[in-house]
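As you go down the protein sequences, you meet chains A and B in turn.
Each residue of the first sequence is one higher than the last, beginning at 507 in the numbering used here.
Each residue of the second sequence is one higher than the last, beginning at 30 in the numbering used here.
Treat the hints as calculated values from the structure; they're not laboratory data.
Do not rely on the hints blindly, as some may be mistaken.
[Unchecked claim] Okay, the calculated bits of chain B under chain A, using three or more residues with CB under 8 Å as the criterion:
#1 132-143
#2 159-166
#3 185-192
#4 204-212
#5 294-307
#6 360-374
[Stated by the list, open to error] Here are the simulated distance ranges between beta carbons:
#7 B:Leu51 - A:Gly865: 54 to 62 Å
#8 B:Phe387 - A:His866: 52 to 60 Å
#9 A:Leu863 - B:Leu288: 51 to 59 Å
#10 A:Leu546 - B:Val255: 57 to 65 Å
#11 A:Arg641 - B:Phe61: 27 to 35 Å
#12 B:Leu182 - A:Asn732: 48 to 56 Å
#13 A:Leu820 - B:Val43: 37 to 45 Å
#14 B:Leu182 - A:Leu863: 32 to 40 Å
#15 A:Leu893 - B:Pro389: 25 to 33 Å
The structure presented is a predicted model; accordingly, all values stated were derived computationally and were not measured.
All residues carry an ideal CB built from backbone N, CA and C; glycine is no exception.
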Amino acid sequence: MSVADATDRLRDVFDGNDVRLVVGVFLGIYVTFIAVSVLLGFDLNGTVNTLRRITFLAAAYALLSLALNLQWGYAGLFNIGVAGFMAVAVYTTAILAGAPTASPPGLGLPLWAAAIGGMVAAAIVGAVAALPALRLKADYLAIVTLALGEIIRISVLSRTFASFSVAGLQLGTGGGQGISIPDNPVRGLYYLDPSNPTAGTTPFGSAAFAFFDTLTVPFFSGTGVNQTVVVGWTYALVLLVFVGLFYVLLRRIGNSPFGRVLKAIREDELAAQSLGKNTRAFKIQVFTLGCALMGLAAILWQGSQGYTSPGEYLPIQTFYVFIALIVGGAGSNTGSVIGGAVFAAFLFEGPNFVKRLVGHLFDLGTAPNTIVDAVVPIASLEIGPFLTYVIGNIEILRPVFLGVVLIYLMQRRPDGLLGHRKEIAAAVDLSKRGETDG
Amino acid sequence: MDYRVEPATIARFVRERPFGALVVVLALVLLFDLVAGLLTGDIATATVATYLWDGAVVGVIVGLAGIGLSMTYAILNFANFSHGDMITSGAFAGWVAAFLVAGVGRIDVGRLVILGGRNGINAGTLGTSVTNTPLAILVGFVVAIVLTIALALLIDRLVYRPMRDQGAIALLIASIGVALALRYLIAFVFQSGLRPVTATDQIPRVTVPIGTGGINVDAHEVTIVVVSLLLMAGVHLLLQRTKLGTAMRAMADNEDLALITGIPTERVVRATWIVGGGLTGAAGFLVVLERGTIFFQLGWILLLLIFAAVILGGIGSIYGAMAGGLVIGVTSRLSLVWIPADFGTAAAFVIMILVLLFRPTGLFRGVTTA
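Same shape as in the complex, but just chain B (with noise of 0.2 Å):
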């Protein structure tokens, strides 16, 4: 095949998307920037790969969150704005669980079931972390896939169900209100302060030397990587050997199809809470145990970057969620590179603008259904 550009083509981009081709020009200046930084030593080598681990580690994150979402959006049609809460719903319930677990006998209850209030319960003496506690970490894990999935049933029968035949917006002007009521909820029974969950200093962890420094990989970040990998070849599996999988595709495709075609369209939109809502609550637990922390808003914030890794990989594709949670997570990171620690937000957002506007359909165009 020849991969050759002829340079008419590219005279034709640049005067038909100037805008795209100065986003091009800046995409190889940066890249040169970095490559000529790494060449001359002005950019550690250990720094950027640190910056890409941790990107990883954050994109396989948000790329498992995204899933969920990209899957109500693919089958329901509504972007869901409630699905960073329900993220942090999952992660504060696989959390009192997982603390019930660990401390129960040690510390009083009434402190772990609100995850010792206002102040938090001191990490140390707890001891929560994979290798300590593993047990209350499976425990915990579970009962946050669960409850989420209970949760999103719910919340479809009360809030969703009666909304069907209305239009996009009135959905997601409705998903906001669940997405206030719960995140404010959360923040009612557990109060609002941002508090230790896992025994920091009690993870095993290890240098892999880079360069002239090394990276630090921990086994929490090892155990996510790897939980999420197998959860997304699950949800891979779903989707191509079963029935199920292939009806939700069908939906997603064309529903007015599927529904002439004999899917009950109400049981493929029940499950696909029970996956999406499961796969949310999964990674609501796994991004606390990543970070340590645990607070009311933590899926409020993420939201916008799992939508920018939904949209980046295209609406409806779970492998472009998880392609795209990757590229937002590694962006990130790396970004900091060029700009200040507070822009790494920023410059995810604004690489999902750049998307939306110049490819909406996502980088995976044509392989929407999965």
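Okay, chain A solo, but in the shape it has when bound (with noise of 0.2 Å):
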């Protein structure tokens, strides 16, 4: 049997089981970040804090990926503002639950209630946009909803709406200083005030912690778990809930006849519009639900650090979701999780990590202060100061890590890791049917 069978078989075993495909990529992304932990040296807490991070940012861009995904990979509109409508739900979202007495001040609402505002608010600024920009062309629609993106967060950014006032009420974006977003309720599971540690904990919080706080796991060093990972865990989990209820609805979406039209005007909208499907309706629908979607990811993501600052809504940020999804492969549900894990395991900490490795198992010394300080050894043969000087700046170096990881899937993989798979958008599956028949 050759190689190209044995992946075809393998194929064939994932294909019919997604899920399986899922928890495979998970299991494989743990596996190799704690063969990471345990070459640098990590103990338990650290061990399980590293994977803490792994998932809550695998959720993370997963949800982002099929937000985005409903949009581009079903619709095929092409938004590369997400950041911009990101920015719009938290900011939403801050001010509704911010306290009156807090500066900026908010409106002081419960959060639940304040999220689905937030989650209003992207959606109706996504369907202000649909309306007309959807007529455009995909690059034009491209270009408008990135500057619509930069005109949200030159917006935050102002002092004009640091704190302004509407009707009597004083509220504010806080400016370059950020806002502060209410403790995630996750915190209220273990401690009875969630803002409050030292308030002392809930009865299930005494339980929880006096389990990890002597957990001991062979092969591990060290003694229990930290309080903060466990919260920290808990939220990473809540998120991965989400993951499974966002994969839910938009394959029922994919699945509905609603879907069936989406599908068809990404391939061929004049087809679509032919068989007297209004597609422009569809695309205004599609694009409002996907920018609500988005809303509610980067509620869920930003929320969990109790603050958040124009500087995470950067045009990069929009980047890094399409890095995820591309990945992963438009179209694809499944690829948008295993893409989202796949960027934020890899492509994103990834190099964090091999900074840290590289740093903990060899001596690199001080980094040189500028790349001549680094390159001009070279001529000497001595090759350590610029490997220095590389790994010492490596956080610098991952977008253009990204830019060639990007170049390279646009050449050669256009359609991502899950890119073979065919959607099915009819009820019965044709392509099956010559098996049965012969």
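From these two lone chains plus the hints, build me the complex, please.
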């Protein structure tokens, strides 16, 4: 059996069961990062914390990729203003839920109502943008959405809106300082007062902390997992549950008559129009829904840290989501989830861990201050300073690496990891008929 | 010719394009407000004149940078998101050359080639300006053009040529990849701080008195306007008077027809990158000359304004790009009469979005090929 046969067989196994594929990818990621943690000499708490961070980022990017997949993968709407819609949702939530006494002051609504408000705001901005913009060619839509995203970012950054009053109510975005978001409800599960851990723990919190505090796992040094890590993991698990909900929702949309029209629009808009479908209405609806989901994803993401600032909504954030979606394969929901996980674990966090691993395993000394100090020694065959400089500046090199990955994917694998799959639009899988007949 | 507009025509316009009518009304209100403000003296004439001059300087550079983008958009059929970072590349290459010429022998070469690293070099010591160090500025200008052309050709060979048969969106996404890689490679080499490059206090300047105040015009601004206009005239001659120019216009108009006619498209594509890349490098060098500071994100920040200019003028139209650049530059400054300073750029984006929505072919409709 050749390698090609083997991979084909592997695909057949996985094709039938997307859940198994996703679980497999997550397991692979966990095994890799447990190995990395062991190499780095992390104790149990450190390892669990590493896995928490990876899970959290993977879930956040999976949520955003799923939302973008609805717009781009299903309906072919090239929206590169993702960061702007995220900002609208998060800022609206923060303003609605912020305490009236805080600075900048908010309206003091309960968090769930504020989150719904944030989603609605993102949806409204999306609808207003979509109404006229969807008449445009795809590349014009890209430029319009990017410009809209930047206008939104400039607005929340500006001093003009840092604090303003509407109908006598003092509100504000906090400008460049950012704005605080109420503590996430997950903390309320463990602490009596979510904003003040010293005020005591709930019965559930006491039991959980007592269990994790004395936890030991064979092969790992150290005892116990910190309270912050336990709470963080719980939040990451909540995000994973939302990934599941998004997935089910999008799958249902994709398989509904509505979803079939979307796929028809993506493949051939004129044909869909000829069949009497009001493609414009469909596009506006799906764009609005996609923006609301992006908003929810952003609220869940930013809500974990109790604070957000305009720096989180740079256009590069949009490109990160696009890379995640393209890695997985646009048009495939399973691909979106896998793409989000692979992007977060290997492309986004990978370089950081390479840096720490290299720093841990080799004694590199201090990095040269400038590239000149790093390059000149190469003339005398000393490559050490250059490598130290590269490792020391790996955060700056990460976008370079991502850019190259993006170019490579567009040239070689424009359909992503799961690009070989065909979405079945018909209720009955016509391609399988041959097997039963023959 | 009869220029009267029938009331019925206006009524139909309002009925059919309510949003368009709203935009027209808004524009008229703003114009009226400006004129009224000037007449009553609420808005100083000198302030408006300064905004107009600053806007014109920005506009000329945006227009110059826009020509390259417009050409690649028309001939290669994709929105090149790496264009902004080509500007940055040209700027850094040119200013390294200028620094070397101006400072060699006085300042350590190791510091000159990275423009002083994180903290920069005291620009006063180096004294770079058009009048102090004309040779350094000239060498820098030429190097910026040549290196940007080389970079454009290299990127085309590595990235875009293998993708010629792919769609506009695939190329657009690849160009975002190029943009990320270029921008952060520059940050990797030169480090990310904003640093001064020209000796701002040593540039000759005059104050042109207007009304109660006056507008400051300095030698760098004059240089930029003159050089940009000369380059634009050169592009005009190239496109109208040479065989290559005709071939380019033909390809922008209809690529298949150009192929059938026997135009060597691959050679025209190369020529497009050479002309477009050269103008882009020149624009990058000049924009830094005007600002006096250099920063690895400068081109990316300009990119949307340049897109705005190109779309406003009509994609593929180089005169449109120039005119669009002026409109965008003046808008981003003149809008400061009404809105806070942090929204100048946002105002230009709004203009672009409005043009895309109401007149996606640009202001110069029908003149899509130069």
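Going through the hints against the structure:
no., hint, in the structure
1, 132-143, "holds (count 4)"
2, 159-166, "violated (count 0)"
3, 185-192, "holds (count 3)"
4, 204-212, "holds (count 8)"
5, 294-307, "violated (count 0)"
6, 360-374, "holds (count 4)"
7, B:Leu51 - A:Gly865: 54 to 62 Å, "holds (59 Å)"
8, B:Phe387 - A:His866: 52 to 60 Å, "holds (59 Å)"
9, A:Leu863 - B:Leu288: 51 to 59 Å, "holds (52 Å)"
10, A:Leu546 - B:Val255: 57 to 65 Å, "holds (59 Å)"
11, A:Arg641 - B:Phe61: 27 to 35 Å, "holds (31 Å)"
12, B:Leu182 - A:Asn732: 48 to 56 Å, "holds (55 Å)"
13, A:Leu820 - B:Val43: 37 to 45 Å, "holds (40 Å)"
14, B:Leu182 - A:Leu863: 32 to 40 Å, "holds (38 Å)"
15, A:Leu893 - B:Pro389: 25 to 33 Å, "violated (50 Å)"
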